[in-house]
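Peer 1: Throw the hints in and build the complete structure from the sequences for me.
These are the residues of each chain, in order.
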Amino acid sequence: MKLILHIWRQKSRESPGKMARYEVSNVNEHMSFLEMLDVLNEELIARNEDPVAFDHDCREGICGSCGFMINGVAHGPQRGTTVCQLHMRHFKEGQALWLEPWRAKAFPVLKDLMVDRSAFDRIIAAGGYISVNTGGAPEANALPVDKQKADLAMDAAQCIGCGACVAACPNASAALFTSAKISHLAHMPQGQPERRRRALSMVARMQAELFGACTNHGECEAVCPKGIELENIARMNREFTKAAWARRDEVAGSGRRRLLPRSFP
Amino acid sequence: MQRRKADFPIEGAKSALTSVATTEEAKQTVGFYRSVVGKKVVMAVTGFILFVFIVFHLAANLLIYFPPEANGTRLLNDYAAHLRALPALLWGARVLLLVAVILHIVAAWQLTVLNKLEARTTGYVKYTPIASSYASRTMVWSGPIIFFYVIYHLLDLTFGTLNPSFQSGNVFHNVVADFEHPGVAIFYIFANACLAFHLYHGIWSMCQSVGLAHPRYTPMLKKASVALAIAIGAGFCSIPLAVMTGLVR
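Residue numbers (this note's numbering), protein chains in the order written: chain Z, 673 to 937; chain R, 5 to 253.
Rather than coming from a laboratory, the hints here were simulated on the basis of the structure. Positions of the beta carbon are idealized from the N, C-alpha and C atoms, including for glycine. It cannot be assumed that every hint is accurate.
Here are the simulated BS3-like pairs of lysine-lysine, each with C-alpha atoms no more than 27 Å apart in a straight line [to be verified]: (1) Z:Lys898 - R:Lys227; (2) Z:Lys690 - R:Lys130; (3) R:Lys227 - Z:Lys777; (4) R:Lys226 - Z:Lys777; (5) R:Lys130 - Z:Lys683; (6) Z:Lys764 - R:Lys130; (7) Z:Lys690 - Z:Lys764; (8) R:Lys226 - Z:Lys821.
Over the 10 Å line for every Cβ pair with chain R, so calculated as not near, a few chain Z residues [claimed, not checked]: (9) Met703; (10) Asn713; (11) Ala725; (12) Asn843; (13) Leu872; (14) His889; (15) Val895; (16) Ala906.
Peer 2: If you want it as structure tokens, here you go:
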């Protein structure tokens, strides 16, 4: 089959970009979308042109490297699928497709369809972890976990950090991504010691990266290749609100330093 | 007894006694209102206050449909007179509503600047919404329309400055005289349609913003918010329509 592609071409982070039109023939319906782009790139290389840059790694839909907009929808028309797992049988002969990189202030375009998603790494570094001592693994049955909570934590932990939620959000909000990690750890006993600080720090980082605010459109949930649910955002709002109101300065001595006046007997 | 310095050996090293590994970055937090989550909670709580007001306001407005009493007075006018006889309630409610409106608008303004001007500086050539509703995408338009409508509405039917045949205390007369001008009636209908759109998204959205979500109740809540938005919009729009068609005169 043959396709007409309009692809965002941008040489580097600083240079201005524009849409360029390409025609690809020899597209097999069994190819994945990325394999179709490989075919285009081989043709471009043969013509001595610059191939289209796009992120990819596992091509199994589990690493979170790939992703771009296809006709204005993150990861394209197939729900619950990354572009590497999207097959060409979902497209029609001669169809025109617009491919654009994720658009967000926090995700600067590096080249063509590649964006810098290190803002996500910095959100995780702000609190998306648990602090454990190194050494032998503890006895698994020593820490009981409610089955339902384990399932909810697992659902939230499915996030692969591809950035489709930000790309699809009219506000370029990272609420779904951030809330998935906050939810995941809030459900687990191991996540409890840092639970409040995590919500505060991760939300603060999300904001410092200039991601927008959630206005509950639900576009993120619809494009998420891993089916992360909007309920996680409600949970993040809950966690953050509780943490923000219950917050106290981190001091030892039960806060005596602040509570007792200097002349207290 | 003087505080001993030895109690607090390391001034400034606040987290020296925690065993948890934290980076400097991880200790950076943001205050409740300064956070995007906090602003949305403020919008939700103030939105809820305004929503409750709207429900009471509609219930009171629907008194217009009661026929005149034996002595010729109107139930709507009686209600207004009773309300004015309770200045503590009336002014308490007005102050609460004014504060709610101001907070709702300030938070909305700040979030809109972040969302539309800062978070996405380059738009898409092609963007296809697949989950959001028309109502959710136009909150930023329906909101200001309602705001300007409310200002007009207050000058028209509360203060009477824009209503040439305004009679203080005679609410029934003022409303009927108002809607006999088709332009005014159509503007009211349009503004209340905007209100219905705003509530269509707003009612369930405010629950989500304060963290109320559950797989069993959220779908019900979404349906209820659509039903309430339609009922409230239809209720308010029915009054100018009733005057225009001569049902209420």
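Peer 1: Check the structure against each numbered hint from earlier and tell me which ones fail, lowest number first.
Peer 2: Going through the list in order, the structure violates hints 3, 4, 12, 13, 14, 15, 16 and respects the others.
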